[in-house]
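Work the whole structure out from these sequences, hints included.
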Amino acid sequence: MKTENQIEIASIEELRNEILSKRKPDQPEIVVAGGTCGFASGALEIIDALKSELKKHNLEEEVSLKVTGCHGFCAIEPAIVINPGNIFYGGLLEKDIPEIVSETIMNGKIVERLLYVDQSTDEKILHEEDIPFYKKQTRRLLANNSRIDPLNIEDYIAIGGYSALEKALEIGPDSVIDIIKASGLRGRGGAGFPTGTKWEMTRKAQGEEKFIVCNADEGDPGAFMDRSLLEGTPHSVIEGMIIGGFTIGSNIGYIYVRKEYPLAIEHLHRALEKAHEYGFLGEDILGTGFSFDIEIVRGAGAFICGEETNLLKSIEGAIVEARTRPPFPVNKGLWESPTALNNVKTLSSIPLVIGNGAEWYSNIGTNTSKGTIIFALVGKINNSGLIEVPMGITLREIIYDIGGGIPKGKKFKAVQTGGPSGGCLPEAMLDMPVDFESLTKAGTIMGSGGMIVMDENTCMVEIARYFLTFTQDESCGKCTPCREGTKHMLDILTRITKGEGHEDDLTVLENMGNLIIDVSLCALGKTAPKPALSTMRYFREEYEAHIKNKKCPAKVCKALIKYSIVADKCTGCHLCFRNCPTKAIVGEAKKAHDIIPEKCIKCGICFESCRFDAVRIE
Amino acid sequence: MKKSKKKGKMDQATIERLGKIDDVIAQYEERYENSHKVLIELLQEILETFNYVPEEALVRISEKCDVPLSKLFSLATFYNSLRLEPLGKHHICVCVGTTCHVNGASDIVDNLQRKLNVEPGHTTADGNFTVETVNCLGVCARGPLVEIDGKYHGNMTPIKVNKLLEKYENGKSDRDS
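Those protein sequences? They're chains A and B, same order as listed.
Just so you know, we're using my numbering here: the first sequence kicks off at 716 and counts up by one.
Just so you know, we're using my numbering here: the second sequence kicks off at 50 and counts up by one.
Only part of the chain B face toward chain A is listed, based on derived beta-carbon distances under 10 Å: (1) His85; (2) Leu92; (3) Ser123; (4) Ser130; (5) Cys144; (6) Thr148; (7) Ser155; (8) Ala190.
By construction, these hints were calculated from the structure, which means they are not laboratory data.
The beta-carbon is built from N, C-alpha and C at its ideal position, and this holds for glycine as well.
Here it is in structure tokens:
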């Protein structure tokens, strides 16, 4: 059924030309990096300040203000780009705005102090793409995040959006599958299953109804690229999903998205509305007779629902408990019907693959892993943010060239990938090229792309304990090895962090970890021991220090550390005295203080409050 | 209906609440009239309406939608975000994702627990604060992150959180201050 305000489209190209003809390419433009992280860094205040400043100078009509998705370089947000000139200003404060408008917008002058300064050369950098953080990246999926207003479907169409859908409808499902297979695109949810094969299997599977489901339940703590894509370029995901529905023979798709991502949900809703209005969704899409619709389902905060069989159960409203596979969802998925389940990044790749062809897609990457991969580069790293790099890049390039190394001159210790299902890699592995196979071989996984850098102050035993706490809590409880095994591993790890470890604990942990991997029902159990196993493999001496010497080399485990005050450095300023929640600090004003160990709960507040570096942890 | 003998005693607030629950159920039935029903969306709508999932909503859903009450309880207790207790006046959510963790989120949780005398997942005795933890809010570059009444505060430390809390103490300010 055509709705009243639905737009008649002869061809996407015609529509695009019409949109472009209405645009004023020479109009000055201010682009603000938005998204949840941009807003958390103060982008909303910057937008308000820009609006009022433009109004003050009567420039509202002349200068266009565009809020895009997240540009990825979280560490220097809030940030803007000004055109013409492609001028990049980062780390902005509201008080910088009047100067930007009066100098750059009105007089074409650059505000030098707001330019990005390269930390290694002290050089000022004018353009966003010349910043070292961006230079080694190949931004294919994330490119739209800096280019378009996610709520403006015309922006998406203007840069070629929905022409891949038009092409797919024209060439037919079999050709779509051929192109995707030839491109070598593998599922970006972490497991890396070939997408073309998955769609082919779902297409061939017998069933009256078929479904395509987008897994946007980005539950890995430390990964946020799916959120960023949904917020910044929701139409890419929608377009990929419509193509998927058409290919496998489905008329309805579900996007299962975390409730913790309110902005992504809002953008999706608004993008779906627009896609309907333009006739990309609904009945008789682009006059081809194909009908397709998308429903949003909000996940309610259960990590295990990121695993495919559990995610489908969650949509069905069933009690979420793991089940054995086969049958695989491609044969028996949602409501027992053939279902293709794809990650956000996979679906966003589809319009690129179809639009640009298999060869274009596969011209970068390694033998077995094609294209680019998005990582959330976070933790103890200077340039934290979302990065997109060609498969095959080394970890060292990512951490040092793009990430700018470790802050405060601290020493690198480990890099963690794959979230609670992955592992930690040491310095010696940094020259390894990154792809699906190499990471698995090294004892971790690609996962959904979280990459957390850890420095000398991160305790590897405590990190293993942290992840086990997480998986143990999220285990659905159906199968014994995962339910009981992770609990037992957690008990042992907790004991070790308390200095109560036994000599044979490591052997028990290893045996139990391997057993859980072998016999658990679903991916949660099959990967839960990895953080412990990989840290035992690469950082064994740290475990031994806890067990044999009762010491935590990273000075993290509370039971094994002691706070004291260095008398020579203490000025007696009383700040720690005032802040200490348990009154464990004694001393007169202007005289060196002391900590009473019996009263100290090791909360770290004195360490944080001391301005003279006088609190020591040992 | 089975509950008829209780009906006479219902106060105005209860009647209103049940009315709201019925509205949410009616909208749900309409939304999925022509397709498979997605039960979790109904629970999400209840959560959105009340800021928690009242027990009476589960009872009502069970009666009206023909779902066993035990199953509804099972779902409501399984999902982290479906809380069964009402929220306090201010909602504090500490992100305990990996990045926030390596940057000291557990010290923030410990500090809040000690300062407000409340376990994560619960509300202070005076009803002013509900403290919860969340596995990841996806704002890792700003960790440790604390969300108060929907507003994100990045690069937090126990002392910074203590300062923030002053703004939200009883009688001092309303939401979104």
